[in-house]
Structure formats: structure tokens, C-alpha cells
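> Full structure from sequences and hints, please.
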Amino acid sequence: MYIKKKKTWLRLILAVMAAGLVASCETGIDINTDNQDVPIVYCVLNSADSFQYVRIQKTYLIDQAALDYPPVQDSMLFKGEIVITMERWSGGKVMETVRFAPTNEIPKDSGFFPYEKNILYKAKAKIIANQIYRLYIYLGSQEKVLYSEASSLGNLTVIDPMPLPQRKISLYPGTNYTCRWQPVENAGVYQVSIRFNYKETIGGVAKIKYLDWPQTFASPGSDTEYLSNDISGSRFMHILEDNLTSVDGIVREVIGMNFQIVSGSMELKYYIESTSPSEGALMEKPVYSNITNGIGLFCSVARIDVNDLFLSPVTIDSIAYGQFTKTLGFLDHTNDRDSTNKL
Amino acid sequence: MIKKLAIWILAGLLFLVSCDKTPVDPPDPTDNNKPKISGTLEIEFRVPGSFLPANRVLRADLSIAKDAESLYKGRFLQMANVYNSKLMYQFDLAPGVYYYQAGIICVAEGDSCSAASFPGGKFGMKWAIGTAEVKQDKTTHVVPQFTR
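These protein sequences, in sequence, are chains A and B.
The C-terminal position of the first sequence is numbered 343 in the numbering used here, with every residue numbered one higher than the one before it.
The C-terminal position of the second sequence is numbered 1148 in the numbering used here, with every residue numbered one higher than the one before it.
No lab work stands behind these hints: they were computed from the structure.
Predicted, not measured: the structure shown is a model, and the values here were computed from it.
Using N, Cα and C, we set each Cβ at its ideal position, and we do this for glycine too.
There may be inaccurate statements among the hints.
Stated by the list, open to error - Below, in silico cross-link-like pairs of lysine-lysine (PhoX-like), each with a Cα-Cα straight-line distance of 25 angstroms or less: (1) A:Lys108 / A:Lys79; (2) A:Lys144 / A:Lys122; (3) B:Lys1126 / A:Lys326; (4) A:Lys108 / A:Lys93; (5) B:Lys1066 / B:Lys1126; (6) B:Lys1073 / A:Lys326.
Said to hold, decoys possible - Covered stretches of chain B, as calculated for chain A (at least 3 residues, CB under 8 angstroms): (7) 1055–1062; (8) 1111–1124.
The following block contains the structure:
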């Protein structure tokens, strides 16, 4: 009698437990773990600048479709203490230490991600050629130190173009311009960029405008004397045609051209290669990172600007009357729109 | 006999299949891709020596015009990009007589440029002007001569 009663109780307890188990079951499965707040750091040391900048943010994770819901500003920034220092090493010794301070002096372009508060960290530091720089970032909220190391580049010497306005640039179909520079120590990638300056007048209102035309990346070659990049005159005319619009009554005047020659370190080269479009079957490539305890990039660039160069009269006339650009409203080198005009 | 006949039928079929019946377009009279009649003007752009260091007197301009008036008025047919490291410059031109101008510039400090007879001192320029006849499929070689 006692055993039978005990069995009944046992069955009752088991039934209650089974009912509880069934009631607590959910069909949904969490495929994401909690956000790890991984630090993302970008710092490109620029030898052409007296100030250096560090950008630090963190990964964010939301439950909704990410492309429909932009993150809120605070979900991308670390709270608490952030200490950023950089050391310059030479001959195995620390030669200089600088500390970065927060600034929001550089606005961020509008877009998907929040741009109201663009917090960067800034330090006054002139980058010395051929030195080792070490970056330390302490995150108080995570009690974590991020670390990275990069070498600064050697000096960049541009051979052509020279900063000589009397030497006019010719860029028209059949005539290319060759930009030359000496190889830079520690550099892994180079890029020439051209800025075409012009004045645009429409409805009596004149504006100074420009068109940037970056050239393809160049790698250090075997030629030890100099490196070069050919800029196509035909392509220049097509670039103008593709990027400027024809509007009735518009008058444009050629002002000139600026050249910007940039050399980047090996780290920057790896980063560019890892973020460039994939070819072949392997479509997803891991993005290069050299930040310990985080992701991002710490690298260096050297830059030379050669500004205020003039275009040759033949180039200006080609822009004014050439088959690709004649509808863009450019004046010829005599500031006229009549090719038959006699001076 | 049957074997020969089969070979002939096969050959005939192959011939028919390989025939392209697409009509051939007549030549376009306005086609600009036909080879142009031209010759080459080669200019050996020497920078004259002086007491100034070689990197203080530089090539600055090399332009071609159809006649003297166009040259004077700056209506050039072609202008080369000149470089310190390049001596020879070539222009493809239709046969005829052309005017060329070559300019050098002094970038030395102080009164060095004036002493080297560059007008206006620093950034003063000297010019060499001449003519050259370009002949079909030939290369005409000229060396601009600067006055001292």
C-alpha cells in the first residue's frame, strides 16, 4: 500500500516536470552571440602633416536587419577612459612620446552611419623618416591595451612635375604626361592623383571648382633610379566628359592642375590588397589588420603636392573644341568660344 | 564508286556549311582610321652649357606651329611635355614646313641668371626659334640653337 502511494507521487512529480519542460521550450534559436565590442582603430601617420590623428570605434550588433537600421552614435563609441600614446623609437631607444587628445574638428561625411559626433584623437607630431612608431591605446571600460607598430617611410622626392609654372602640362589625345619620383624606403604602394581646377559661371554666378582624378596604384618596380606613372591625355578628355555635365549657358574656364604623389607603407599595401574586389572563386577575403587586441590599421604615408601648374594652350583648346568635351562650355586659351577667331 | 560519291557529297556539304552569306559592308568613305600620311620631326633639345650649375637652367617649353604668325600668337599645333631627363622629342606631323620654338628657364638665385644673360633674372627665359621641313615617312632631325 505504501509502495503504491509512493509510485503515484513519483508519477505526479514527473508529469509536472514534463509539463514545465514543454511549456518552457522556444522554437527560436539565437544565431548571434552578444556583441563583443571589438575595438576598431585607424591611424595613418602622414609625414606631410604636423598633426596626427587616431580614430577609434567599436563593432556593433543589432537584432534587426543591419542595412535597415543604422546604429545609434553611442553604440559605436567606447565609454570611459581612453588613453592613446605614441612612441618614436630609433636605435632601440624611445626618442619621443606623444599623447593624443580628443577632438571633433574634422566633420564626417553624411551617410548611413551617424555623423553628428566625429570624435578623433589628435596629437602634434612631425613624422621623422625611417623611424619606428609604436601606438598604445588603453581602454578603461574594457581594461584592455591595444598595440601596434609601424615604420615611417623615407623621404619622397618627386622628379616630374617640378613646381615650375612656366613648364606647362600637355594632356590631350596623343600626348601623355609622365610623372616620376624616386623610390621611397619602406614603401609598398604609390599613387598619383590629379586635381583639375576650373572656374564655372552659370547665370552670372561664378564658382571655383575642381575635379579629382586618382590614378591606379603603382607598386615599387625593379627600376632603382626612379618610378613613373603615365597619365593618358585621351583618358583625361574622357574623364572630363564623364564627370562634368553640359548645361545651357554654362561657361567654364581652365585654371590649372595640381599633382599629389603619395607613397604608402607595406601595411597600407596589404590593407589595400585585402579590401580590393576579389577575383576568382574565393570571394571573401579577410581584411588585413595590424592592431593587437583589436582590428584596424596603423601605417604611414609620405606625400608631396605640386600645385598651381598650368595647362598648355593646345590642351586648353583641345578641351574647348575636342570631340569629347566640346559641349562642356570651356573657353579656349584665348578665353573665347570661337575656334576661328584670329587674335 | 559509292565511296567516291560519299566523299564528294561530304565535301559539298562542308563547303556549303562553311559559306558565310553575310553581306560585306562597303568601305566607309569617312573612315578616319585609315593610315595617315605623316612624317616625324625629331628635336634634340640640348640645354646650352654656362657657368651656372646644370640643374639651374632647365627645359621649359617645346612647341610646334604651322607658321611664324601662329608661333608668335601662341596658336600651336603641338606642345611637348619637357623633362630634365629627356633629350629627344618627336612629333608626328603631315608633310610640310613647320616652325618650332624651344624655351629654357633659369632658376638660379641672386643675379646669377642676369649674369648668364637671362632677361629679368630668376625665371628669365631664352628662346630658340627655327623651321624644319617634315617629309613623308621620313624623320627630320633638328637641334635648337640658343644665343649666348
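> Taking the hints in turn, state whether each one holds.
Hints, verified against the model:
1. A:Lys108 / A:Lys79: 20 angstroms, holds
2. A:Lys144 / A:Lys122: Holds. Lysine 144 of chain A to lysine 122 of chain A sits at ~21 angstroms (cutoff 25 angstroms).
3. B:Lys1126 / A:Lys326: The given pair, whose Cα atoms are some 35 angstroms apart, is violated under the 25 angstroms limit.
4. A:Lys108 / A:Lys93: 37 angstroms, violated
5. B:Lys1066 / B:Lys1126: 21 angstroms, holds
6. B:Lys1073 / A:Lys326: 22 angstroms, holds
7. 1055–1062: holds (count 4)
8. 1111–1124: violated (count 1)
Taken one by one, the earlier hints fail for this structure at numbers 3, 4 and 8, listed in ascending order.
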